[in-house]
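Undergrad: As a plain string of letters, each chain reads:
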Amino acid sequence: MRNKQKKILELFEKSGPQLYRLLGKLTLNQDEVGDLLQELFLRLWKSKSFEKANDSFSYAYRAAINLAFEWRRNRRLSFQSIENDCEAQIDSSALGKMIAGEELQKVLDATMQLSELSRDVVVMHYIEQESYEEISKRLGKKPQYLRALNAKAIASLRELLASNENSEVDTNSVTKR
Amino acid sequence: MSKINENEIKKRFEAVSKFEISPDVTARDLEKVSKNLTELTSEQKKSGHNIWKIIMKSKITKFATAASIIIAVLIAIHYFGGSIDGTSIVWADVMEQLNSFRPYASTHTVYDEGRQTWGFRLLRMNLSQRRQIFPDGRIAVYDLSIPKSLTIYPEEKRAIERELSGNPTSDPDMFAIARSMQGGSLQGNVIQELGIKELEGHVTKGFRSERQYDDITVWADVKTKLPVQLEIIHVGAGRRIVINEFEFDVDFDESLFSTTAPDGYSVEKTSKEEMEKLMEMTKNNTEEDLVEGLRSLAVILEGTFPPDIELTVMQTAVRGYVAEKNLSDEEAEELLTPFVESIRRAYMYMEQLKGITKFNYVGDGVKLGDSEKPVMWWLPKDSATYRVIYGDLSVADVAPENLPK
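As they're listed, the protein sequences go chains Y and P.
Counting in our numbering, the final residue of the first sequence is number 240, and the numbers go up one at a time with none missing.
Counting in our numbering, the final residue of the second sequence is number 581, and the numbers go up one at a time with none missing.
No wet-lab data here; the hints were simulated from the structure.
Incorrect hints may have been included.
What the hints assert, rightly or not - For lysine-lysine, the following PhoX-like pairs were computed, each having C-alpha atoms within a straight-line distance of at most 20 angstroms: (1) Lys69/Y - Lys211/P; (2) Lys69/Y - Lys186/P; (3) Lys169/Y - Lys186/P; (4) Lys186/P - Lys77/Y; (5) Lys115/Y - Lys77/Y; (6) Lys115/Y - Lys70/Y; (7) Lys109/Y - Lys211/P; (8) Lys70/Y - Lys211/P.
What the hints assert, rightly or not - Label-pair distances were calculated between CB atoms; the ranges are: (9) Lys448/P - Leu180/Y: 33 to 41 angstroms; (10) Arg136/Y - Arg355/P: 50 to 58 angstroms; (11) Ser194/Y - Ser504/P: 36 to 44 angstroms; (12) Glu430/P - Ser194/Y: 51 to 59 angstroms; (13) Val286/P - Leu180/Y: 32 to 40 angstroms; (14) Arg136/Y - Glu374/P: 23 to 31 angstroms; (15) Thr285/P - Gly203/Y: 26 to 34 angstroms; (16) Gly203/Y - Val443/P: 42 to 50 angstroms; (17) Glu374/P - Ala116/Y: 22 to 30 angstroms; (18) Arg355/P - Ser194/Y: 43 to 51 angstroms; (19) Ala560/P - Gln192/Y: 58 to 66 angstroms; (20) Ala211/Y - Leu375/P: 26 to 34 angstroms; (21) Glu73/Y - Lys333/P: 45 to 53 angstroms.
Given the structure is predicted, the values throughout are model-derived calculations rather than measurements.
Virtual Cβ for every residue (Gly too), placed ideally from N, Cα, C.
With the hints as extra help, turn the sequences into a complete structure.
TA: Written out as structure tokens, the structure reads:
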């Protein structure tokens, strides 16, 4: 028990802020990130696999990605338009407008539909801006393989985003009837 | 629906990567989770109540959408070790680190119109010796104390040794660039503080100097006060240079800065005499060339002398003019060739001056035609008086005690 406690507290001390930021980026929702971080560490505390894991951070990192996309999946089921929220404050910068819009949400939602490995590599490289060499050490895959995987992932995202757009158009058409 | 562009996807990811939560919310959340985690894992937990479950009347299960999205560009607070106080670092702290040279390595990446065009890894032993490693494998070594340069092409096993002639010019140096931020900004000599962000694993604070022709930002580690990233934007020229991946106080192997070609390489040598022949071509430049070059610059800049006369500023000025006038390559070449030549001659003359004297350029903001304000002055060799060029491009000999203040 003591080891487990030490392990999890050390992980939080060293990597808590980084995991917090990761959750923020994958949800784009600062109101939920605190609870997500709590949920993450609760799951880690309960997890026997985590207890046995040699690399606590890598384990927690992937768990955080899983949790964030799980949140996104469930969020879509109870979607509430940001535009309907009177308290939404949108930064006047171009970045703020882009986030307030749907573009970033869509690309994250599409990422959720990739295979787990592709999704993780996309997150680590494009969102966390890690090099392929760093990712290679974390995942135990060769950098060349990861590059190829990412290229394929981007191609898949293009398809998914186009397909998702078409679905929305169709839905709207149906609604309008 | 047509497919979205690949670059657009990457841009969106880049925007996502920049999302940051306000420091207040971050601090509050981390503190709350820290406290709960300690209680959860503590063996002194007395009651059968699972505090965690009580706390976890979880909004997670509601998956409500955001009430607000506030974009901030600030801090990750460090816990269990005290908070990192960004207010404790000011520009003067960074300057103190920059004032004395130390051996360093850095990566330089140049972007033109948003597209990466070239770059290199730089190793700086001291202000005289540097080694540049280019992505195509080429390596360039300069030793200005000799002075000599070596360029090697490892794949071809070919090398070029050049004996440099004349007094060496000062080497572009990251520290000098950052120090120059102090030399005036659009904000009235004020260095803007940009707040805190994480870069390359460091918690950094940003400082920015916006000037008419360049916009320089330094992100410095809040603990060490050393730069983590420099960004230089040549305003109007569409060029951005990022200097990062720093290593300081590197114990370099001296052999990295040798200007003798490695064994087994075919070597082409350019002797000092040959270099001097090339230099001779430039020695015919005169003071008149300097005056004409200054005139050209002021004309390009619509009647005002630039803030600095360094070559990069000259180049920036020209690029800015081309961009502003929306000239095609052919139009630019036809129109600017006379200006470019006169600026080049002025520059060559100034290089000669640098070899024998120190000159002062003070033309920042001076209008072409202003006979009262000086643009630059220097002390010619063996002269008791200074040569001073004024805004109307008149030149006078001035005693030291009468130099403009």
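Undergrad: Each hint needs a verdict: does it hold in this structure or not?
TA: Each hint tested on the structure:
1. Lys69/Y - Lys211/P: Between Lys69/Y and Lys211/P the Cα gap is close to 15 angstroms, so the pair holds against 20 angstroms.
2. Lys69/Y - Lys186/P: 39 angstroms, violated
3. Lys169/Y - Lys186/P: At roughly 13 angstroms apart (the allowed maximum being 20 angstroms), Lys186/P and Lys169/Y satisfy the hint.
4. Lys186/P - Lys77/Y: 29 angstroms, violated
5. Lys115/Y - Lys77/Y: Holds, because 19 angstroms separates the two Cα atoms, which is no more than 20 angstroms.
6. Lys115/Y - Lys70/Y: At roughly 11 angstroms apart (the allowed maximum being 20 angstroms), Lys70/Y and Lys115/Y satisfy the hint.
7. Lys109/Y - Lys211/P: Given that 20 angstroms is the threshold and the Cα spacing comes to 18 angstroms, the pair holds.
8. Lys70/Y - Lys211/P: 16 angstroms, holds
9. Lys448/P - Leu180/Y: 33 to 41 angstroms: 60 angstroms, violated
10. Arg136/Y - Arg355/P: 50 to 58 angstroms: 52 angstroms, holds
11. Ser194/Y - Ser504/P: 36 to 44 angstroms: Holds: the Cβ-Cβ distance is about 39 angstroms, inside 36 to 44 angstroms.
12. Glu430/P - Ser194/Y: 51 to 59 angstroms: Given range 51 to 59 angstroms: violated, Cβ gap about 30 angstroms.
13. Val286/P - Leu180/Y: 32 to 40 angstroms: 34 angstroms, holds
14. Arg136/Y - Glu374/P: 23 to 31 angstroms: 28 angstroms, holds
15. Thr285/P - Gly203/Y: 26 to 34 angstroms: Distance hint for Thr285/P, Gly203/Y holds at roughly 29 angstroms.
16. Gly203/Y - Val443/P: 42 to 50 angstroms: About 45 angstroms separates the Cβ atoms of Gly203/Y and Val443/P, which means 42 to 50 angstroms holds.
17. Glu374/P - Ala116/Y: 22 to 30 angstroms: 25 angstroms, holds
18. Arg355/P - Ser194/Y: 43 to 51 angstroms: 31 angstroms, violated
19. Ala560/P - Gln192/Y: 58 to 66 angstroms: Holds - the Cβ-Cβ distance for Ala560/P and Gln192/Y, about 60 angstroms, lies within 58 to 66 angstroms.
20. Ala211/Y - Leu375/P: 26 to 34 angstroms: 29 angstroms, holds
21. Glu73/Y - Lys333/P: 45 to 53 angstroms: 51 angstroms, holds
The structure fails hints 2, 4, 9, 12 and 18 (numbered hints given earlier, in ascending order).
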